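In terms of the working numbering, the sequence shown is numbered consecutively and its last residue is 335.
Hints are computed from structural coordinates only; laboratory data are not their basis.
Source: prediction; values computed, not measured.
Even for Gly, the Cβ is constructed at its ideal location relative to N, Cα and C.
Do not rely on the hints blindly, as some may be mistaken.
As the list claims (entries may be wrong) - Listed below are the simulated DSS-like cross-link pairs for lysine-lysine, each with C-alpha atoms no more than 30 Å apart in a straight line:
(1) Lys263 <-> Lys302
(2) Lys284 <-> Lys263
(3) Lys156 <-> Lys265
(4) Lys146 <-> Lys89
(5) Lys268 <-> Lys156
(6) Lys265 <-> Lys328
(7) Lys183 <-> Lys115
(8) Lys222 <-> Lys274
(9) Lys262 <-> Lys273
(10) Lys328 <-> Lys273
(11) Lys263 <-> Lys222
(12) Lys115 <-> Lys297
(13) Lys183 <-> Lys234
(14) Lys146 <-> Lys274
(15) Lys268 <-> Lys129
(16) Lys297 <-> Lys262
(17) Lys129 <-> Lys234
(18) Lys146 <-> Lys268
(19) Lys284 <-> Lys265
(20) Lys222 <-> Lys302
(21) Lys302 <-> Lys146
(22) Lys89 <-> Lys183
(23) Lys234 <-> Lys268
(24) Lys146 <-> Lys222
(25) Lys302 <-> Lys284
(26) Lys274 <-> Lys284
(27) Lys181 <-> Lys222
Claimed, not checked - Distance ranges between label pairs, derived from CB positions:
(28) Ser225 <-> Gln269: 33 to 41 Å
(29) Ala203 <-> Glu136: 33 to 41 Å
(30) Lys89 <-> Asn277: 18 to 26 Å
(31) Ala76 <-> Leu283: 30 to 38 Å
(32) Ser228 <-> Asp133: 19 to 27 Å
(33) Ser57 <-> Asp133: 15 to 23 Å
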Amino acid sequence: MSIIMPVKNAAAWLGESIRSIQKQSYDNWELVAVEDHSSDDSLSILHSFSQSDPAITYYQNSADGIIPALRLALTKTTGDFITRMDADDRMPPNKLEVLIEKAVQNREALTTGLVKYFCDEGEVSSGYLEYEKWLNDTVANEKFTENMFRECVVASPNWLISKEHLEKLKIFERLIYPEDYHMILLLWRAGVEFQSVNEVTHLWREHPKRTSRNSTHYQQKAFFDLKVAFFLDNVLEENDQLVIFGSGKKAKLAKQVLTKKEVNYLQLDLKGNENIYHYSTLAKIENPKILIAVYPPENERMQIEGFLQSHNLEKGRHFWFL
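Generate the whole structure from the sequences, applying the supplied hints.
Right under this line is the structure:
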């Protein structure tokens with residue numbers, strides 16, 4: 014098994030991250046790290062670990078960014094299975110063992126597990142805890158397809174897949190930012206099955222310097238640009254009528270992509286006005302594919318789903334929450 018790790022200014026956590034790999038109950042692994050022009054001591058830390066542990070190698074990124082780092086790392090791997098690890102996180106001691114046991118039962122699938130956020134000081138923010146709860150529910154109940162356009166349904170450093178799959182489908186060669194979400198979308202579109210283990214297999218560190226907090230590649234607009242464009246190119250068919258349900262911020266972000274791509278759509282809401290139809294007009298729309306640009310509390314979501322299902326529309330086939 015090969016573990017690929019992009020490293021960028023992670024000196025504060027890198028040693029702890031690597032030691033959590035070295036303590037794994039499954040020991041048939043190699044770590045291939047790619048140092049991405051750090052301005053801290055990341056490079057010297059990688060050098061020190063590689064000198065003392067032959068299972069650890071590192072390379073200098075010839076370009077800039079996570080995507081070229083992943084591409085380079087993959088070319089240096091020798092394992093049949095690939096997993097990614099982030100340099101500021103930790104692995105539970107049995108992560109690799111749990112994932113590989115499941116993966117060998119179905120080598121055609123991507124295998125993932127549950128996540129747990131932690132932070133060194135203070136408490137994990139409510140937003141991250143809400144995402145943790147949503148993601149773990151999605152994974153534990155394998156609701157990947159129905160939630161595919163809501164958020165990334167697999168944590169970026171918490172998957173295991175055969176190297177053959179990644180290479181055959183040229184996944185890393187095709188990646189754009191946000192790369193973790195794009196990878197999952199590409200695999201899903203290619204028909205790769207997602208399977209899960211109902212155990213925590215990744216410890217996700219929350220801290221102010223997280224790339225996801227500080228890079229425009231991982232802001233809400235970047236995710237909307239990616240997922241709406243991917244939906245148009247890979248899900249929406251010629252005879253479908255695209256429908257945007259809602260009129261708030263998410264609807265506006267989705268409409269920006271649709272306008273840029275000159276895609277026709279209908280917009281529905283609970284209140285109709287001059288430019289937005291009342292939701293009751295759905296019954297008159299043929300072949301709707303619906304992107305629901307709201308995510309209210311569960312009881313309201315169930316009401317929306319019930320309304321759509323009463324029109325013989327199926328979640329994950331005819332409608333998705335954004």
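Q: Could you check the hint for me, namely that Lys89 and Asn277 are 18 to 26 Å apart, CB to CB?
A: Since the Cβ atoms of Lys89 and Asn277 sit about 46 Å apart, the hinted range of 18 to 26 Å is violated.
Q: Below or equal to 30 Å on CA atoms is what counts here, so check Lys297 against Lys262.
A: 26 Å, holds
Q.
Can you confirm whether the C-alpha distance between Lys302 and Lys284 stays at or below 30 Å?
A. Holds, at about 20 Å.
Q.
Tell me if the straight-line CA distance from Lys234 to Lys268 falls inside 30 Å.
A. 12 Å, holds
Q: Mind checking the alpha carbons of Lys284 and Lys265 for me, to see if they're no more than 30 Å apart?
A: 16 Å, holds
Q. When you check the alpha-carbon spacing of Lys183 and Lys234, does it fall within 30 Å?
A. 26 Å, holds
Q) Taken at face value, is the distance from the CA of Lys234 to the CA of Lys129 at most 30 Å? A) Status holds; Cα separation ~25 Å.
Q.
Checking one constraint from the list: CA of Lys265 to CA of Lys328, max 30 Å. Satisfied?
A. Cα-Cα ~22 Å, so holds.
Q. Do the alpha carbons of Lys181 and Lys222 lie within 30 Å of each other, as the hint requires?
A. 35 Å, violated
Q. Are the Cα positions of Lys262 and Lys273 separated by 30 Å at most?
A. Distance of about 17 Å is within 30 Å: holds.
Q: Starting from Lys263, check that the Cα of Lys222 is at most 30 Å away, please.
A: This hinted pair holds, its Cα atoms lying about 26 Å apart.
Q. Going straight from one Cα to the other, do Lys146 and Lys89 come out at no more than 30 Å?
A. Since the Cα atoms of Lys146 and Lys89 sit roughly 35 Å apart, the hinted pair is violated (cutoff 30 Å).
Hint compliance for this structure: hints 4, 8, 12, 14, 15, 20, 27, 28, 30, 31 are not met, and every other hint is.
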